[in-house]
Amino acid sequence: MDWNNPFIHSLLVIVAITTAFLAIMLLVAATVLAERRVLAFIQGRLGPNRVGYGGVLQPFADFIKTMMKEDLVPDQSTRFVFLLAPVIAVVTAIMAIIVYPFGPTITVPFLGWTFPLVIARFDVALLYVLGVTSVGVYGIALAGWSSNNKYSLMGGLRSSAQMISYELALGLSLIGVILICGTLDIYNIVEQQSGWFGMQWNILYQPLGFILYLIAAIAETNRVPFDLPEAETELVAGFHTEYSSIKFLLFFNAEYINMITVSVLATTLFWGGWNVPFAEYLFGRGTFLFALVSVLGFFIKIMLFLFFYIWLRGTLPRFRFDQLMDFGWKFLLPAAILNIILTATFVFLTTG
Amino acid sequence: MTTILFIIFAGLAIGCAIAMVSQSNPLYSAISLIGVFIALASLYVTLAAPFIAAVQVIVYAGAIMVLVIFVIMLLNVEHSEPRRKRLKFLVPVAIGMAAILIAETAFILYSVQTSANRLPGNISDIGLTHSIGEGLFTRYLLPFEVTSVLLLMAIVGAMSLARRTTVLSATARVVPGAQVLAMDTVNPRAVGDHTAVETETTDEAAHLLGVDFQSDRSQEE
Numbered sequence: 001m002d003w004n005n006p007f008i009h010s011l012l013v014i015v016a017i018t019t020a021f022l023a024i025m026l027l028v029a030a031t032v033l034a035e036r037r038v039l040a041f042i043q044g045r046l047g048p049n050r051v052g053y054g055g056v057l058q059p060f061a062d063f064i065k066t067m068m069k070e071d072l073v074p075d076q077s078t079r080f081v082f083l084l085a086p087v088i089a090v091v092t093a094i095m096a097i098i099v100y101p102f103g104p105t106i107t108v109p110f111l112g113w114t115f116p117l118v119i120a121r122f123d124v125a126l127l128y129v130l131g132v133t134s135v136g137v138y139g140i141a142l143a144g145w146s147s148n149n150k151y152s153l154m155g156g157l158r159s160s161a162q163m164i165s166y167e168l169a170l171g172l173s174l175i176g177v178i179l180i181c182g183t184l185d186i187y188n189i190v191e192q193q194s195g196w197f198g199m200q201w202n203i204l205y206q207p208l209g210f211i212l213y214l215i216a217a218i219a220e221t222n223r224v225p226f227d228l229p230e231a232e233t234e235l236v237a238g239f240h241t242e243y244s245s246i247k248f249l250l251f252f253n254a255e256y257i258n259m260i261t262v263s264v265l266a267t268t269l270f271w272g273g274w275n276v277p278f279a280e281y282l283f284g285r286g287t288f289l290f291a292l293v294s295v296l297g298f299f300i301k302i303m304l305f306l307f308f309y310i311w312l313r314g315t316l317p318r319f320r321f322d323q324l325m326d327f328g329w330k331f332l333l334p335a336a337i338l339n340i341i342l343t344a345t346f347v348f349l350t351t352g
Numbered sequence: 353m354t355t356i357l358f359i360i361f362a363g364l365a366i367g368c369a370i371a372m373v374s375q376s377n378p379l380y381s382a383i384s385l386i387g388v389f390i391a392l393a394s395l396y397v398t399l400a401a402p403f404i405a406a407v408q409v410i411v412y413a414g415a416i417m418v419l420v421i422f423v424i425m426l427l428n429v430e431h432s433e434p435r436r437k438r439l440k441f442l443v444p445v446a447i448g449m450a451a452i453l454i455a456e457t458a459f460i461l462y463s464v465q466t467s468a469n470r471l472p473g474n475i476s477d478i479g480l481t482h483s484i485g486e487g488l489f490t491r492y493l494l495p496f497e498v499t500s501v502l503l504l505m506a507i508v509g510a511m512s513l514a515r516r517t518t519v520l521s522a523t524a525r526v527v528p529g530a531q532v533l534a535m536d537t538v539n540p541r542a543v544g545d546h547t548a549v550e551t552e553t554t555d556e557a558a559h560l561l562g563v564d565f566q567s568d569r570s571q572e573e
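Chains H and U, in that order, are what the protein sequence lines are. Under our numbering, think of the first position of the first sequence as 1, with each following residue one higher. Under our numbering, think of the first position of the second sequence as 353, with each following residue one higher.
Only chain H is shown next, with the shape it has when bound in the complex (with noise of 0.2 Å):
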């Protein structure tokens, strides 16, 4: 086929975006019930597992009655604001997807053909998620100022304060593997990480920038131990205490999608993306098994993370809001700083 017509190619990217929505909403229906069976297990009780076999048809009975549910805008709200926000959150956390690496290039078997598992492919991709995700901060900054309730207000006020100070160090974080790896591109990146046996994963040079990255993810996504733009009991439910309905259902989306987004960035940037240990020499690389293989190893590691802030949730207490701040600005942001030092004598030491 030829894929440079402009029909084709639009039609293939539009599938393409289709295919990975779906995959990642599943994912995140996925997550809302490992969440909750996996709290429960921690917690010594059962969790959902009436709905479906084992439970997982339980996030979607949730998607309906939540839905059924009324929609409610508070009279003192400013109207516009308030249906905005919502919006701004879901669609910058979606607007991520097309830079996921999912896989290598795949070659479909009888048809022949030929193309990456990725959607885009730009230069400044990293940048471009990072970006977005710093667009996102409105969502929940507006949301709360435009309830007009204190709960709301201090929530939101507490996220933009957040989310500022912690930016910062998760950007510095990813400093070192831009240095190493000497590209923006994250599929690029992935692709360098294919070497000893596709084992040459950029954790080994970074183990303290992918320490400080982790810490900082969590803290942009607003989870425990970081969660204080919710704490529910402080603020009853933080910025969404005067969301119900689809508007909820919007943050929740935007919440579990940005989860899904950082963990991504810790497999692609930190431990190698879809690059499996000797899955080249087992199936030889350009081959469908070998696609098919990266895909799930990709998969994989993503659920891994994704149980990993589960567990830390079953885990730790929440943050005071002064020791967020200070653990920030006083440790976080140095310790990156010191992170892309040693990278770049690192750098500049082997490349000469």
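Hints are computed from structural coordinates only; laboratory data are not their basis. Note that this is a predicted model, so its numbers are computed, not measured. A virtual CB, placed ideally from N, CA and C, is assigned to each residue, including glycine. Treat the hints with care, since some could be wrong.
To be verified - Which chain U residues stay away from chain H? Per the calculated CB distances, all over 10 Å, these:
| # | residue |
| --- | --- |
| 1 | I356 |
| 2 | M372 |
| 3 | S374 |
| 4 | T398 |
| 5 | A455 |
| 6 | L488 |
| 7 | V498 |
| 8 | S500 |
| 9 | H546 |
To be verified - A few chain H residues that face chain U, going by a derived Cβ cut-off under 8 Å, partial list only:
| # | residue |
| --- | --- |
| 10 | F122 |
| 11 | Y128 |
| 12 | L130 |
| 13 | G131 |
| 14 | V137 |
| 15 | Y138 |
| 16 | W145 |
| 17 | L153 |
| 18 | G156 |
| 19 | L157 |
| 20 | S160 |
| 21 | I164 |
| 22 | L184 |
Since the structure of chain H is provided, determine the placement of chain U on it from the hints.
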């Protein structure tokens, strides 16, 4: 295709810019400004400058405007009262400057159209990260470093301004933003008197407490 995209994003930018100026609510103005920044970033992408576009979104839309919105949310600005037309003379000045700007743009377009030596058609790698980095650290190293020093000065200046003691002295019992104060807060001698004293603004509370801004400042100096 590029023309359609240009019309969409340029229209969005102009519409958001007009909305930003004409809105009375400062938060709506700020949201419109974010719209302008994002539309501009999209225009940069169509001009084959993805790095500038990404930096535009991260720095302006993602960091600076968050701070602006943060301040607007914290101050809770009241927008009901119509502003006095204090700076009326600025209107003709603005019209004059706009006319100059449009004339300049027209002149540039005219001279580019008539110019003999046109730019080569294939310059698409000039906006990529690699060439920008190379330019910044080789050819334009001095301006780059000078700009960094300028930014550093701004940071140090902001720190030194912020570290200076606030206008109210430490002994003044004003809670910023508090609307209702108890009597024993206002008057230290009225111990146990919790009668509510309502004030509309911090200034009014300061006045009620007998805190004189001017004398307070002179005491510290």
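Hint check results:
| no. | hint | result |
| --- | --- | --- |
| 1 | I356 | holds, 13 Å |
| 2 | M372 | holds, 15 Å |
| 3 | S374 | holds, 15 Å |
| 4 | T398 | holds, 13 Å |
| 5 | A455 | holds, 35 Å |
| 6 | L488 | holds, 15 Å |
| 7 | V498 | holds, 22 Å |
| 8 | S500 | holds, 15 Å |
| 9 | H546 | holds, 22 Å |
| 10 | F122 | holds, 6 Å |
| 11 | Y128 | holds, 6 Å |
| 12 | L130 | holds, 6 Å |
| 13 | G131 | holds, 4 Å |
| 14 | V137 | holds, 5 Å |
| 15 | Y138 | holds, 7 Å |
| 16 | W145 | holds, 5 Å |
| 17 | L153 | holds, 7 Å |
| 18 | G156 | holds, 7 Å |
| 19 | L157 | holds, 6 Å |
| 20 | S160 | holds, 5 Å |
| 21 | I164 | holds, 6 Å |
| 22 | L184 | holds, 6 Å |
Violated hints are absent here; each numbered hint is respected by the structure.
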